[in-house]
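Generate the whole structure from the sequences, applying the supplied hints.
In order, the protein sequence lines correspond to chains H and X. Residue numbers for the first sequence follow this note's numbering, beginning at 3 and rising by one. Residue numbers for the second sequence follow this note's numbering, beginning at 3 and rising by one.
What the hints contain is simulated information worked out from the structure, not anything from laboratory work. Among the hints, erroneous ones may be present.
Copies of the same chain look alike in the list, so a pair counts if it works inside one copy or between any two.
[Unchecked claim] Here are the simulated lysine to aspartate or glutamate pairs, EDC-like style, with alpha carbons at most 20 Å apart:
#1 Lys107 to Asp135
#2 Lys107 to Asp521
#3 Lys107 to Glu35
#4 Lys4 to Asp352
#5 Lys107 to Glu73
#6 Lys359 to Asp37
#7 Lys359 to Glu379
#8 Lys107 to Asp58
#9 Lys327 to Asp290
What you are looking at is a predicted structure, and each value in this text was computed from that prediction instead of being measured.
2 protein chains.
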Amino acid sequence: MKLTGNLLIGANEVPATEGTMKALNPATNQLIEPDFALGGVADVDRAANLADEAFDQYSHTSLAQRSAFLERIADNLDAVTPELAARAALETGLPEAQLQGEAAKAATQFRQFAAVVRKGRFLQVAIDPAQPDRQPRPRMDHRLQKIAIGPVAIFGASNFPISYSVAGGDTASALAAGATVIVKAHNAHPGASEIQARAIRQAVQDSGLPEGVFSMVRGGGNAIGEALVDHPLIKAVTFTGSEQGGMALYRRAQLRPEPIPVFTEMTSINPTFILPHALATRGEQIGDGFVERMLVNVGQACLKPAILIAIDGSGFEALRAAMAKRVAAAPARPMLTPGIHASYTRGLDDLQNAGAKLVVEGSAANGDVDGQSALLEVDGQHFLTETALAHEVFGPAALLVKVRDEAEMLAVARSLRGQLSATLHLEQSDFELAQRLLPILERRTGRIVVNAFAHPQEVSFATIHGGPFPASSDSRFTSVGMTSIERFLRPVSYQGFPDALLPEALREINPLGVPRSVDGQ
Amino acid sequence: MKLTGNLLIGANEVPATEGTMKALNPATNQLIEPDFALGGVADVDRAANLADEAFDQYSHTSLAQRSAFLERIADNLDAVTPELAARAALETGLPEAQLQGEAAKAATQFRQFAAVVRKGRFLQVAIDPAQPDRQPRPRMDHRLQKIAIGPVAIFGASNFPISYSVAGGDTASALAAGATVIVKAHNAHPGASEIQARAIRQAVQDSGLPEGVFSMVRGGGNAIGEALVDHPLIKAVTFTGSEQGGMALYRRAQLRPEPIPVFTEMTSINPTFILPHALATRGEQIGDGFVERMLVNVGQACLKPAILIAIDGSGFEALRAAMAKRVAAAPARPMLTPGIHASYTRGLDDLQNAGAKLVVEGSAANGDVDGQSALLEVDGQHFLTETALAHEVFGPAALLVKVRDEAEMLAVARSLRGQLSATLHLEQSDFELAQRLLPILERRTGRIVVNAFAHPQEVSFATIHGGPFPASSDSRFTSVGMTSIERFLRPVSYQGFPDALLPEALREINPLGVPRSVDGQ
Numbered sequence: 003m004k005l006t007g008n009l010l011i012g013a014n015e016v017p018a019t020e021g022t023m024k025a026l027n028p029a030t031n032q033l034i035e036p037d038f039a040l041g042g043v044a045d046v047d048r049a050a051n052l053a054d055e056a057f058d059q060y061s062h063t064s065l066a067q068r069s070a071f072l073e074r075i076a077d078n079l080d081a082v083t084p085e086l087a088a089r090a091a092l093e094t095g096l097p098e099a100q101l102q103g104e105a106a107k108a109a110t111q112f113r114q115f116a117a118v119v120r121k122g123r124f125l126q127v128a129i130d131p132a133q134p135d136r137q138p139r140p141r142m143d144h145r146l147q148k149i150a151i152g153p154v155a156i157f158g159a160s161n162f163p164i165s166y167s168v169a170g171g172d173t174a175s176a177l178a179a180g181a182t183v184i185v186k187a188h189n190a191h192p193g194a195s196e197i198q199a200r201a202i203r204q205a206v207q208d209s210g211l212p213e214g215v216f217s218m219v220r221g222g223g224n225a226i227g228e229a230l231v232d233h234p235l236i237k238a239v240t241f242t243g244s245e246q247g248g249m250a251l252y253r254r255a256q257l258r259p260e261p262i263p264v265f266t267e268m269t270s271i272n273p274t275f276i277l278p279h280a281l282a283t284r285g286e287q288i289g290d291g292f293v294e295r296m297l298v299n300v301g302q303a304c305l306k307p308a309i310l311i312a313i314d315g316s317g318f319e320a321l322r323a324a325m326a327k328r329v330a331a332a333p334a335r336p337m338l339t340p341g342i343h344a345s346y347t348r349g350l351d352d353l354q355n356a357g358a359k360l361v362v363e364g365s366a367a368n369g370d371v372d373g374q375s376a377l378l379e380v381d382g383q384h385f386l387t388e389t390a391l392a393h394e395v396f397g398p399a400a401l402l403v404k405v406r407d408e409a410e411m412l413a414v415a416r417s418l419r420g421q422l423s424a425t426l427h428l429e430q431s432d433f434e435l436a437q438r439l440l441p442i443l444e445r446r447t448g449r450i451v452v453n454a455f456a457h458p459q460e461v462s463f464a465t466i467h468g469g470p471f472p473a474s475s476d477s478r479f480t481s482v483g484m485t486s487i488e489r490f491l492r493p494v495s496y497q498g499f500p501d502a503l504l505p506e507a508l509r510e511i512n513p514l515g516v517p518r519s520v521d522g523q
Numbered sequence: 003m004k005l006t007g008n009l010l011i012g013a014n015e016v017p018a019t020e021g022t023m024k025a026l027n028p029a030t031n032q033l034i035e036p037d038f039a040l041g042g043v044a045d046v047d048r049a050a051n052l053a054d055e056a057f058d059q060y061s062h063t064s065l066a067q068r069s070a071f072l073e074r075i076a077d078n079l080d081a082v083t084p085e086l087a088a089r090a091a092l093e094t095g096l097p098e099a100q101l102q103g104e105a106a107k108a109a110t111q112f113r114q115f116a117a118v119v120r121k122g123r124f125l126q127v128a129i130d131p132a133q134p135d136r137q138p139r140p141r142m143d144h145r146l147q148k149i150a151i152g153p154v155a156i157f158g159a160s161n162f163p164i165s166y167s168v169a170g171g172d173t174a175s176a177l178a179a180g181a182t183v184i185v186k187a188h189n190a191h192p193g194a195s196e197i198q199a200r201a202i203r204q205a206v207q208d209s210g211l212p213e214g215v216f217s218m219v220r221g222g223g224n225a226i227g228e229a230l231v232d233h234p235l236i237k238a239v240t241f242t243g244s245e246q247g248g249m250a251l252y253r254r255a256q257l258r259p260e261p262i263p264v265f266t267e268m269t270s271i272n273p274t275f276i277l278p279h280a281l282a283t284r285g286e287q288i289g290d291g292f293v294e295r296m297l298v299n300v301g302q303a304c305l306k307p308a309i310l311i312a313i314d315g316s317g318f319e320a321l322r323a324a325m326a327k328r329v330a331a332a333p334a335r336p337m338l339t340p341g342i343h344a345s346y347t348r349g350l351d352d353l354q355n356a357g358a359k360l361v362v363e364g365s366a367a368n369g370d371v372d373g374q375s376a377l378l379e380v381d382g383q384h385f386l387t388e389t390a391l392a393h394e395v396f397g398p399a400a401l402l403v404k405v406r407d408e409a410e411m412l413a414v415a416r417s418l419r420g421q422l423s424a425t426l427h428l429e430q431s432d433f434e435l436a437q438r439l440l441p442i443l444e445r446r447t448g449r450i451v452v453n454a455f456a457h458p459q460e461v462s463f464a465t466i467h468g469g470p471f472p473a474s475s476d477s478r479f480t481s482v483g484m485t486s487i488e489r490f491l492r493p494v495s496y497q498g499f500p501d502a503l504l505p506e507a508l509r510e511i512n513p514l515g516v517p518r519s520v521d522g523q
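Okay, structure coming up:
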């Protein structure tokens with residue numbers, strides 16, 4: 003595929019209206035061809051109007067047609083995987099093999115949502131039949147289904163250039179819901195974005211759907227994102243990125259004349275708690291596994307475990323030594339962008355200024371954007387007094403928090419803001435302490451993991467990737483997993499309808515065979 | 003029950019800290035005894051701290067214990083129904099028999115939620131079992147359930163002093179979710195509020211629950227409401243009332259350091275469309291039924307049908323004549339408060355200033371706050387140019403919109419903002435037009451009703467009382483019906499847990515017998 007650098011607005015190839023940019027190869031610090039178009043407010047307006055025009059038809063596609071469309075996207079992604087992974091590797095410095103896995107995961111995700119759509123359970127059909135003889139008054143027939151909320155704007159992340167980007171979970175779940183989609187591509191990987199966008203657009207065309215089902219825009223600065231969030235035809239927004247960026251969009255959307263739901267996935271330090279018996283029996287192994295996980299993607303992952311809390315005592319020295327050894331041996335690798343690299347360096351300074359002690363650093367950097375790994379340490383009492391120590395540092399660093407006793411471990415847990423995940427390492431003899439820790443963590447996290455390090459994000463029915471603020475802007479939703487579709491669905495109740503006027507899923511004979519609850523059963 | 007006028011903060015009887023107020027009997031324009039305490043920021047802080055302290059225990063009550071508690075509230079409400087209805091009638095001017103019905107409905111609602119809790123389907127348990135042999139990597143066991151979001155602040159409505167007030171659906175659904183609750187009682191019915199609050203508080207005590215499960219506060223001006231919305235321990239807010247009031251709270255909550263979900267149910271004109279064949283065959287009957295419904299509760303209802311759209315032609319004159327006759331015969335009845343009465347009068351002026359013609363008025367008012375009914379009319383073309391004509395006038399008035407043809411009827415539908423409900427009157431020969439109208443209405447309403455006038459709000463599984471903005475602040479939720487509980491629930495995923503540490507609903511043998519989906523089935 004030859005990259006054109008155009009914006010893809012519906013079926014239109016739109017060249018630059020607000021200048022151009024080039025991608026940067028962070029491994030070489032060189033710009034890469036070609037020029038990529040930057041767009042502006044008028045481009046957003048055009049995309050939003052197309053998305054709105056396409057909405058009625060697309061949101062009323064049959065379940066069969068919509069799931070076939072999602073499978074077509076998956077097939078198209080499979081077809082471009084080699085060039086997509088190669089381009090993404092150039093633009094991110096991440097290993098090509100890993101990116102092939104990410105592309106495969108993205109395609110799988112579209113197929114999983116195709117299955118969700120085909121089964122129709124997401125419609126959450128509920129029927130309360132008429133009760134003409136009910137006293138004191140009859141009940142009319144009520145039937146509920148969920149429909150798409152409207153056109154959706156999606157802001158891709160920088161760090162996973164496929165699975166959290168143009169063809170990521172947000173796009174898959176929004177299209178599955180029946181929403182039309184405008185993606186604002188992340189400028190850290192414009193070529194990978196274009197390849198994904200063309201795969202989706204081709205599927206729109208092959209499926210005979212209206213062009214406005216999908217568009218991709220790109221811009222310099224904040225204007226294009228603000229225009230998307232402000233546009234009256236946009237009815238929901240998703241974002242994955244920093245707390246600062248996410249909250250700016252969130253608050254902006256809430257100040258619109260008509261506020262709209264914005265799901266932002268922002269920041270998490272994903273605390274790991276090592277309970278005493280686990281520490282005593284396998285402190286070294288835990289330290290080793292923790293650092294391995296911490297280094298994945300050069301620490302640029304929303305699920306990176308950034309702090310580890312352990313009680314000073316048996317096993318603690320072994321834990322620290324194992325971590326230090328592993329960090330010391332870690333090569334410096336290129337980070338995604340110079341901006342992220344600069345923030346990482348500042349973040350490490352901030353932790354040290356707040357009282358964290360540097361235990362050890364990894365191999366020194368060669369290139370300008372190489373992230374040098376770091377292990378820091380602080381004691382629990384100090385951690386509790388310095389909120390800056392609980393802020394995420396995006397990159398290959400972790401903070402070991404040495405607590406005095408169980409009470410201090412619980413206090414550290416209570417001090418935490420909202421998290422995407424928390425992890426416990428425990429043995430059976432730690433259950434009593436775990437039972438005191440769990441209610442504290444439940445209130446603060448979307449996911450709790452026991453005895454695991456390498457827990458790549460599953461995309462399944464019980465997956466949650468979200469959590470209390472600031473992990474996300476709305477703890478009631480998730481951005482990953484099959485229930486992420488719920489962000490884009492709203493219920494409509496149909497009361498007293500003649501069968502012929504009901505949506506298909508609600509008709510008396512259930513022609514689609516979708517699961518339906520009757521009187522709540 | 004002797005009314006004390008105290009704030010009820012947990013188990014504490016809190017006398018006035020910021021002055022007192024008396025209730026007004028709108029039928030006589032006389033103040034009624036006793037004095038009711040007004041509280042302030044410190045009272046909110048105390049209630050919020052109690053709600054937070056009670057949260058862990060209450061949110062972890064067993065399903066059996068929580069449902070027994072909800073049934074206890076229902077029993078306590080039944081026991082006070084006669085005095086509650088009598089006091090509410092004094093404070094609102096509404097008929098006592100109607101208020102007895104409302105109290106019965108409120109008690110029923112607690113019993114319905116008790117059944118929802120006992121069955122445990124609201125936990126939405128999903129299990130994705132471990133797949134140790136999966137390639138390329140094993141899958142860990144994932145289990146999801148929903149838990150309560152945290153302490154909730156509830157702002158009661160003025161117009162239904164029981165079912166949308168202290169013991170209304172918001173309180174029932176929040177307590178069912180496992181959230182602790184602070185109600186800000188509406189100053190239009192302080193005595194009815196106290197009776198309900200005592201019934202709930204007695205149930206808290208009888209059930210051996212921590213006192214912070216429920217509090218009721220009251221204040222003059224906006225300070226107390228703002229303090230509730232601002233309080234860092236409050237994690238969700240619900241409100242039923244005006245667009246102005248609702249949006250002030252909504253935006254305030256979004257500007258908190260930690261924004262929180264606010265569900266506001268605000269404004270709707272509940273358009274009724276009469277399709278041509280229905281108009282020709284039963285225009286008179288429709289006009290009659292429409293006005294009867296419009297007059298319920300002196301027009302002070304969120305579901306009041308405020309505009310009626312019909313095509314000029316066969317049956318139109320019969321429709322208008324029937325409406326005019328019924329409106330002319332309507333007695334003026336006291337409105338809820340002098341403020342609502344003044345707004346109603348202003349609203350009628352605004353409609354006329356915007357070009358609506360007064361067709362007929364009802365009997366003249368006797369008392370100062372009596373609402374005189376009114377029928378106004380405007381043609382479709384003018385309606386489309388004057389957005390002021392589509393604003394809700396809360397009270398016993400309706401606007402007949404005479405459209406030229408089907409295209410103009412569709413244009414009027416397209417011009418509407420978000421609505422709680424829309425109604426169609428149609429015959430089989432109107433289906434073709436209905437099919438063009440329905441996609442337009444689906445995007446704009448939470449509920450669509452066919453061929454009905456008297457459709458009191460059902461509280462069932464397929465009920466939706468919500469809709470696109472400004473009907474509500476989040477079209478993905480409802481404030482009435484069994485799914486209203488979802489506003490207060492958030493998912494947590496438990497990964498790789500030993501069975502003994504799992505919440506009961508997620509354990510392998512399913513000891514609670516709750517419905518659980520496995521791999522999405």
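Quick rundown of the hints versus the structure:
In this assembly of identical chains, Lys107 and Asp135 lie within 20 Å of each other by CA distance solely across copies; the values are 18 Å between and 54 Å within a copy. When the C-alpha separation of Lys107 and Asp521 is checked against a cutoff of 20 Å, the pair qualifies only between copies, where the shortest distance is 18 Å, while the shortest distance within a copy is 38 Å. Proximity of Lys107 and Glu35 under a CA criterion of 20 Å is satisfied in neither setting, with 27 Å inside one chain copy and 68 Å between copies. Taking identical chains as interchangeable, the C-alpha atoms of Lys4 and Asp352 are never at most 20 Å apart, the minima being 44 Å within one chain and 60 Å between chains.
Taking the closest pair of Cα atoms, Lys107 and Glu73 come within 20 Å of each other only inside a single copy of the chain (13 Å); across copies the shortest separation is 48 Å, beyond that limit. In this assembly of identical chains, Lys359 and Asp37 lie within 20 Å of each other by CA distance neither inside one copy nor across copies; the values are 44 Å within and 61 Å between. Proximity of Lys359 to Glu379 under the C-alpha cut-off of 20 Å is restricted to the intra-copy arrangement: shortest distance 5 Å within a copy versus 76 Å between copies. Taking the shortest Cα distances, Lys107 and Asp58 never come within 20 Å of each other, neither inside one copy (30 Å) nor across copies (38 Å).
Only within a single protomer do Lys327 and Asp290 lie at most 20 Å apart by alpha-carbon distance; the minimum there is 8 Å, versus 84 Å between protomers.
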